[in-house]
Amino acid sequence: MLAARLIADQGIHVEGINFYTGFCVEGHTHAIRNQHRAKPKRNNALWVAERLNIKLHIIDVIEQYKDVVINPKHGYGANMNPCLGCKSFMVGKARQWMEQNGFDFIITGEVIGQRPKSQRRDTMPVVARESGAFDRLLRPLCARLLPPTLPEREGWVNREKLLRMNGRSRKPQMALAKQFGFRDYAQPAGGCCFLTDKRYSHKLADLWQSRGEKRYDLDDIMLLKVGRHLRPRANFKLIVGRDDGENNFLHGYRRQYVHMFPTSHKGPLVLVNGTADASDLQLAARLTARFSQGKEDEEVTVAVCNTEGGQQLVAVRPMSPAEIPGDWYL
Amino acid sequence: MSRHELDARRLLCPLPVIRVQEKVKTLERGDTLDVLCSDPGALNDIPAWCRINGHKLIDTRSEGHHITITIEVG
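Chains W and P are the protein sequences, given in the same order.
Using our numbering, you'd call the opening residue of the first sequence number 1 and step up by one each time.
Using our numbering, you'd call the opening residue of the second sequence number 1001 and step up by one each time.
Calculated from the structure, these hints are not laboratory results.
Keep in mind that a hint or two might mislead.
[Claimed, not checked] Counterexamples of contact, computed for chain W against chain P with all Cβ distances above 12 Å:
{"#": "1", "residue": "Asp9"}
{"#": "2", "residue": "Gly22"}
{"#": "3", "residue": "Ala45"}
{"#": "4", "residue": "Glu99"}
{"#": "5", "residue": "Phe134"}
{"#": "6", "residue": "Glu154"}
{"#": "7", "residue": "Met174"}
{"#": "8", "residue": "Ala205"}
{"#": "9", "residue": "Arg211"}
{"#": "10", "residue": "Asp220"}
{"#": "11", "residue": "Gln293"}
{"#": "12", "residue": "Arg317"}
[Claimed, not checked] Listed next, the in silico EDC-like pairs over lysine to aspartate or glutamate satisfying Cα-Cα at most 20 Å (straight line):
{"#": "13", "chain 1": "W", "residue 1": "Lys55", "chain 2": "W", "residue 2": "Glu15"}
{"#": "14", "chain 1": "P", "residue 1": "Lys1023", "chain 2": "W", "residue 2": "Asp60"}
{"#": "15", "chain 1": "W", "residue 1": "Lys55", "chain 2": "P", "residue 2": "Glu1072"}
Beta carbons are placed, not taken as given, at the ideal position from N, Cα and C, and that holds for glycine.
Please work from the sequences and hints to get the whole structure.
Take a look at the structure:
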């Protein structure tokens, strides 16, 4: 937002690009969970573009991004976030778009030292090189601490009006936002990607381990964002809706997964992910009962439904918390 | 000028916006597009996308769990 405004203020035509990887935080979870209903369901990239009065292009990179996550060229960050590889990938995609659409250079809001892996003085040239953008990649917020890029050398951009931000603190950006009159802005640090989330990363690692290979599709990574996940046995896991919003969302998968829900009490919709035999389903039904309003009762009736719509009612004793090992929770 | 329809049900934002963006590229100025959605986030995102890209929001209608957003290509 700040970098775009700095460049637009020099009279340069700027358009925004937002890449959708499938791991983006905003949108999905806000739309699904009841507790998020009160929050505005805005897409931050669209919101920023509107504030800046620039066009925005949202690009679906779900398929191409898989290789970045599965085979991170520079490894993972603190969790499953392939930060440096991700940055190179996205700038590379922006370069392709720039070339296809007759634009001259790319700007990003990167700041030297802002992030421990992807925004260091020594990794910034890596992104420029691996993306193929080279000196058509301009970082307006810290440009004066870096060698002049092509747009600066050619005089398309006045280098003197660019900045020399440096370090982890976001105070300089906040001060600049205030100067520009931006009172509201998106979460400034790492909050936009589920791969930076420890719990989500654990669930993704579990998915790959259970499959015996690093592979995912869009439904897999959507489901990792929803519900409580428990793996009682290696061959299956349960996805337990936590509120009506999540139950409704999970209901959309009823033709793809065996699922269950209590009929004698109010409770969650539970998807059975994996191959479960009769004993597994009995265990799953007892866990379903555990998360229902009948959890303290002697017996809860649970409907076990197959993917063809067939349904069987089973009466089970809800599991007690002591019977559920902590490591079942993913 | 012609009328078109796009089914974006069961897609969560921003995928409905992305599908609209792709569809609009194939349409002519003045064409109308009815977008069927199930994610209420589309009620904010598609109008915002229209505003910044010069398209006109004609109507939004909610029926049960589904929303229809009609836009005119600008």
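Cross-check of the supplied hints:
1. W:Asp9, annotated as away from the interface, keeps every beta carbon of chain P farther than 12 Å; the closest lies near 18 Å.
2. Once the 12 Å rule is applied to beta carbons, W:Gly22 is inconsistent with being away from chain P; the minimum gap is 9 Å.
3. At roughly 8 Å, the least C-beta separation between W:Ala45 and chain P is not larger than 12 Å, which violates its mark as non-interface.
4. Remark: the non-interface label on W:Glu99 is consistent with the geometry, its nearest Cβ contact in chain P lying 18 Å away (cut-off 12 Å).
5. The Cβ of W:Phe134 lies farther than 12 Å from every Cβ of chain P, with a closest approach of about 29 Å, so its non-interface assignment holds.
6. Separation of W:Glu154 from chain P is adequate, the least Cβ-Cβ distance of about 29 Å exceeding the 12 Å criterion.
7. Chain P leaves W:Met174 outside its interface by the beta-carbon criterion, the shortest separation being 24 Å against a cut-off of 12 Å.
8. Residue placement check: W:Ala205 keeps its beta carbon more than 12 Å from all beta carbons of chain P (closest about 23 Å).
9. Every C-beta of chain P lies more than 12 Å from that of W:Arg211, the closest at about 23 Å, which supports listing it as non-interface.
10. W:Asp220, annotated as away from the interface, keeps every beta carbon of chain P farther than 12 Å; the closest lies near 14 Å.
11. Remark: the non-interface label on W:Gln293 is consistent with the geometry, its nearest Cβ contact in chain P lying 25 Å away (cut-off 12 Å).
12. For W:Arg317, the shortest C-beta to C-beta distance to chain P comes to about 35 Å, beyond the 12 Å cut-off, and the non-interface label holds.
13. Our distance criterion of 20 Å between C-alpha atoms is met by W:Lys55 and W:Glu15, whose separation comes to about 5 Å.
14. Restraint check for P:Lys1023 and W:Asp60: the C-alpha separation of about 14 Å stays at or below 20 Å, so the hint holds.
15. At roughly 17 Å between alpha-carbon atoms, W:Lys55 and P:Glu1072 fall within 20 Å of each other, so this suggested pair holds.
Of the hints listed earlier, those the structure fails to meet are numbers 2 and 3, in rising order.
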